[in-house]
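Asks: Construct all of the structure, not just a fragment, from the sequences and the given hints.
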Amino acid sequence: MDLNQPESSANGGTPQPTDPGAQPARAVSRGRLLVGAVLAVIVVAGLYFVNRYWIHPAVMIQANGDSEHPDAPGISLTDIQGKRLDLADYKGKVVVLDFWATWCGPCRAEIPGFVVMQEKYASQGFSLIGISMDDDAAPVVDFYKEFRMNYPVAVGNQRIGELYGGILGLPTTFLIGRDGRIYAKHTGGINPAIIEEEVQQLLAMSPTAEKSDFRPAMVAGTETRIALGDPAAIDSEIPGLNLSKLTAEQKEALKKQLGDQHCPCGCNLTVLKCRQVDRACQVSLKLARVQIEKLPKSGS
Amino acid sequence: MKTFVVLIFSFVLVCAVVCAQAPEHVVKAKVAMAPVAARPDSVVKATVVAEVLPGYHINDHHPTLDYLIPTEIKLDPNKAVTRNDITYPKGEPRKFAFSDTPLSVYEGTVRVEVAFQLDPKALPGDYEVKGKFAYQACNDHACLPPTSVPISFPLKVARRGASRSRSE
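Residue numbers (my numbering), protein chains in the order written: chain A, 1 to 300; chain B, 1 to 168.
Watch out, some of these pointers could steer you wrong.
Straight-line distance between alpha carbons at most 25 Å, and here's what the computed SDA-like set of lysine to any residue pairs gives [claimed, not checked]: (1) K30/B - V283/A; (2) K145/A - Q117/B; (3) K130/B - Q282/A; (4) K28/B - P93/B.
Hints are computed from structural coordinates only; laboratory data are not their basis.
Replies: What follows is the structure in structure tokens.
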């Protein structure tokens, strides 16, 4: 049998001369097109989700140094016992800063373990600090007494949450070293033994130890690259926008523009008013950012 | 083929990271009701259909534990309506790591029935009852702050003498 001879056609007629490579090439080409199309859809969909849920929220936070071990933003509040609570007073101590709420089941479940930890390590220069994100102090006071909490607890606010990069889920726990830097952030309930192990590491670290010597427990919800909020944007006249580089005229022009623009989030307010009464509104924040980009540069 | 598999795997990884981030909206709510006119003094029924993102739950309107924030529909007063009756579904008991007691929660699709008693003196015309579907959501490990999504109910009041256009 001569394999180089073309096969007879199916109807028995004289086989037509054909390019032996044509049929397979067309099949390969169609196959490649299909794979390419599927890959393109996957890439586009992937980019959409990454931008929608990952990059976009990170940009919205206007991180002030998205780096490992940033300085913990200052906190100055009155705790539920009426005493001044200032994070600066804890410099030199290892601190677990716990954002929680009385209506949060996973938060409540952690607290007995925290009470034990406070008792065990306080003499070594350790303290827990609880920042409750309840709307008011009454349930916090009741909870404090019922669970015999033995560390300072204060009711927080949105500004503090924004300074700490936006508290997206409770509990959120920050591990702060003696140097006042954040070493780890855990979002969600976590086994107290894991936090304890990290506390022990930080307590044992000498002042000359490398920050990289700290090994956080890499469980779900742990971050070591901590994105914090931009204080200039948080404390701005237009919350969320850093106006420090604008001239007085630019600020007034921006406020007028945002004051004339209706916010489509459903609040029935202007963009400016919405920013001022609802700092969490992402719709007005995005619109305000678009307007600030459109401002003519000073001097032009 | 190898490239295809690698890219599929990468996409799945991206999605896993994406899903690990707290979503902006855990609950979407919409109103289902027949767009027909009703006579004054009749009852108009509607259903609020809420979809809870997979992986999350919201608390039963009658929560198992008193510290939990209930799911609730809050309605603004409206001059065409004298009374609202809201019927919440029964939640499903679910056991969570953070609680010894199973908690009654809503997951997936939640249907809440709302009945509006129209004012006998309501004038014919279109009205809109605005409200909020208020909830507080958690997944197995973390809780999001209490929040709400806006809802609205378009009501059409027919003339008093008009023939009945919807069953009560």
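Asks: Now, for every hint given, state plainly whether the structure supports it.
Replies: Hint by hint, here is what the structure shows:
Only pairs whose Cα atoms come within 25 Å are accepted, and K30/B paired with V283/A is accepted, the gap being roughly 20 Å. Using a Cα cut-off of 25 Å, the hinted pair K145/A and Q117/B is violated, with the two alpha carbons roughly 46 Å apart. For the hint pairing K130/B with Q282/A, the CA-to-CA distance comes to about 22 Å; that is within 25 Å, so the pair holds. With a CA separation close to 22 Å, the supplied pair K28/B and P93/B stays within the 25 Å bound.
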